[in-house]
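Enquirer: Make a model of the complete structure from these sequences and hints.
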Amino acid sequence: MLGANGPESWIWWSWVGDHLGDIGTAVREHLELTAIAVALGLVIALPLAIVVHRWRAWTTPVFAVTGIVYTIPSLALFAFFVPVTGLSRTTAEIALVGYTLLILIRNTATGLAGVSPDVREAAQGMGFGPVAQLLRVELPLAVPAVIAGIRIATVTTIGLVTVTALIGQGGLGDFILDGLNRDFKTPLVVGTVLSVALAVTADLLLLLLQHALTPWSRRRTA
Amino acid sequence: MRFLGDVVSWFAAGEHWRGADGIPHRLTEHLLMSGAAVLAALVLALPAGVVLGHLRRGGVAIVNLANVGRAIPSFALLVLAYFVFGIGPEPVFLTLLALGIPPIVTNAYVGVSEVDADAREVARGMGMTGGQVLRHVEIPLALPLVMAGVRTAGVQVVATATLGAVIAWGGLGRYIVDGFAQQDNVKIFCGALLVAGLSVGVEIGLAFLQRLTLSPGITGRRTTMAVASAVPGAAAHASLSPAVLNERKEQTHAET
Chain P
579 MLGANGPESW IWWSWVGDHL GDIGTAVREH LELTAIAVAL GLVIALPLAI
629 VVHRWRAWTT PVFAVTGIVY TIPSLALFAF FVPVTGLSRT TAEIALVGYT
679 LLILIRNTAT GLAGVSPDVR EAAQGMGFGP VAQLLRVELP LAVPAVIAGI
729 RIATVTTIGL VTVTALIGQG GLGDFILDGL NRDFKTPLVV GTVLSVALAV
779 TADLLLLLLQ HALTPWSRRR TA
Chain A
227 MRFLGDVVSW FAAGEHWRGA DGIPHRLTEH LLMSGAAVLA ALVLALPAGV
277 VLGHLRRGGV AIVNLANVGR AIPSFALLVL AYFVFGIGPE PVFLTLLALG
327 IPPIVTNAYV GVSEVDADAR EVARGMGMTG GQVLRHVEIP LALPLVMAGV
377 RTAGVQVVAT ATLGAVIAWG GLGRYIVDGF AQQDNVKIFC GALLVAGLSV
427 GVEIGLAFLQ RLTLSPGITG RRTTMAVASA VPGAAAHASL SPAVLNERKE
477 QTHAET
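So the protein lines, in turn, are chains P and A.
Under this note's numbering, the first residue of the first sequence is numbered 579, with each subsequent residue one higher.
Under this note's numbering, the first residue of the second sequence is numbered 227, with each subsequent residue one higher.
Hints may be right or wrong, so weigh each one.
To be verified - Quick look at which bits of chain A chain P covers, simulated, 3 or more residues with Cβ under 8 Å: (1) 286-298; (2) 306-318; (3) 385-391; (4) 403-415.
What the hints assert, rightly or not - Far from chain A by the CB rule (all over 12 Å, computed), these chain P residues: (5) Ala657; (6) Val741; (7) Lys763.
To be verified - Below, in silico cross-link-like pairs of lysine to any residue (SDA-like), each with a Cα-Cα straight-line distance of 20 Å or less: (8) P:Lys763 / P:Val605; (9) P:Lys763 / A:Ala394; (10) P:Lys763 / A:Ala307; (11) P:Lys763 / P:Trp633; (12) P:Lys763 / P:Ile628; (13) P:Lys763 / P:His597; (14) P:Lys763 / P:Val594; (15) P:Lys763 / A:Val426; (16) P:Lys763 / P:Ile589; (17) P:Lys763 / A:Gly312; (18) P:Lys763 / P:Trp588; (19) P:Lys763 / P:Trp590; (20) P:Lys763 / A:Gly314; (21) P:Lys763 / A:Phe309; (22) P:Lys763 / A:Val310; (23) P:Lys763 / A:Ile313; (24) P:Lys763 / P:Ser592; (25) P:Lys763 / P:Thr779; (26) P:Lys763 / P:Ala582; (27) P:Lys763 / P:Gly602; (28) P:Lys763 / P:Ile614; (29) P:Lys763 / P:Pro585; (30) P:Lys763 / P:Gly748; (31) P:Lys763 / P:Gly599; (32) P:Lys763 / A:Phe311; (33) P:Lys763 / A:Leu320; (34) P:Lys763 / P:Asn583; (35) P:Lys763 / P:Trp593; (36) P:Lys763 / P:Ile601; (37) P:Lys763 / A:Glu316.
Worth flagging that the hints you see were computed from the coordinates, not collected in a lab.
Beta carbons: idealized from backbone N, C-alpha and C, even for Gly.
Expert: This is how it looks when you write it as structure tokens:
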């Protein structure tokens, strides 16, 4: 920040200006990798959460497996699949989806379990079968918990995607790696700041989505 | 099948068990670095979390610290530290320390501040001073949550130490990073096995330690807590958000 702005500064603005195109591409790749991971994660996690909620015997196996996956460091989880799927986007997504599962299943199952017995009884009294009860009463009431899970999963995934640069899958991690390889601070700062900005923005947008999807909870607080 | 054979012979080769690049040395590096970082994080974060929890002050700041911490990618933090401190153990240690502090301080704060108000009042009524309430009531009751924080911090620190190899430090991550550079799939896979084994081992070990901290006086909670802590990663996730922790606590109360 002191003196002239040049290659030795923490951020060299003319480099940033020259690379706006690359920066845009990296942001797009980063968002794509994240969105695919969270979306696939939801597709797998929602049914599993319902299974865990309905049949208690599944709780331990489901959480044991997803818990072990969650514990394995990202570099190692990528590395496991490299011999099978190579340095590919598939490798990156398998690992990224794996990390979302524990978060999404736990939050959804907690949300479903939190539906009050009175509400359930009322639904039964109104003639709702088990499926209708799940789809029209329990799942809607669990939406805030599900979205809380999506928020944690999204923020976590945006951070993890920086590591996918190590297996050549682009995203903002490319700038971090480039800065490291060339001993050049500007790309590192650009990659880091944008990654944090993406995480914070995504978190806020999901919070707004939650308010929009659950008008009843808004009315109660108003 | 041939690949699995190669993996087995990699582990069987004597050269991988000797010297500076041998498994015992890399494992020791990894564990010493992680252990030092978690201990330093405990020394710095535990008193702060416990005291603030006792005073019920600063909760918002602590939750914000944890949230900001989650938004900064640990890989970026590591590379930033490398630019400031250069090659060596320092940038790795400081990054791991920074990652270890938020879960410990959050869980200590939540654990102590959420101690049942009735229990505190009874202790006061018995004539205990603030310090005695803290020592004899709040800390013992908060201990399982404090340990959940230590567990989260420990698992995260061991995981991130793997990335230390990217900034030219050692640890078990070396096999993966070198394997990438040499396009040696066997080495990559064996490194991943070692790192995963260590992480799961640390998680299970810390989960066991966490169960030991449950006071026998609250064994009413034992069944539910035991189930929760028997699940690897359960605490890792739960302690990310105090709200989830509270929810779980309420459930436990309802069931007892």
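Enquirer: Hint by hint, note whether the structure agrees.
Expert: Going down the list of hints, with the structure as the test:
no. : hint                : verdict
1   : 286-298             : holds (count 3)
2   : 306-318             : holds (count 3)
3   : 385-391             : holds (count 4)
4   : 403-415             : holds (count 7)
5   : Ala657              : violated, 4 Å
6   : Val741              : violated, 5 Å
7   : Lys763              : violated, 6 Å
8   : P:Lys763 / P:Val605 : holds, 18 Å
9   : P:Lys763 / A:Ala394 : holds, 17 Å
10  : P:Lys763 / A:Ala307 : holds, 11 Å
11  : P:Lys763 / P:Trp633 : violated, 53 Å
12  : P:Lys763 / P:Ile628 : violated, 47 Å
13  : P:Lys763 / P:His597 : holds, 14 Å
14  : P:Lys763 / P:Val594 : holds, 12 Å
15  : P:Lys763 / A:Val426 : violated, 35 Å
16  : P:Lys763 / P:Ile589 : holds, 7 Å
17  : P:Lys763 / A:Gly312 : holds, 13 Å
18  : P:Lys763 / P:Trp588 : holds, 5 Å
19  : P:Lys763 / P:Trp590 : holds, 8 Å
20  : P:Lys763 / A:Gly314 : holds, 18 Å
21  : P:Lys763 / A:Phe309 : holds, 8 Å
22  : P:Lys763 / A:Val310 : holds, 10 Å
23  : P:Lys763 / A:Ile313 : holds, 15 Å
24  : P:Lys763 / P:Ser592 : holds, 13 Å
25  : P:Lys763 / P:Thr779 : violated, 24 Å
26  : P:Lys763 / P:Ala582 : holds, 15 Å
27  : P:Lys763 / P:Gly602 : holds, 19 Å
28  : P:Lys763 / P:Ile614 : violated, 30 Å
29  : P:Lys763 / P:Pro585 : holds, 8 Å
30  : P:Lys763 / P:Gly748 : holds, 18 Å
31  : P:Lys763 / P:Gly599 : holds, 19 Å
32  : P:Lys763 / A:Phe311 : holds, 13 Å
33  : P:Lys763 / A:Leu320 : holds, 19 Å
34  : P:Lys763 / P:Asn583 : holds, 12 Å
35  : P:Lys763 / P:Trp593 : holds, 11 Å
36  : P:Lys763 / P:Ile601 : holds, 15 Å
37  : P:Lys763 / A:Glu316 : holds, 19 Å
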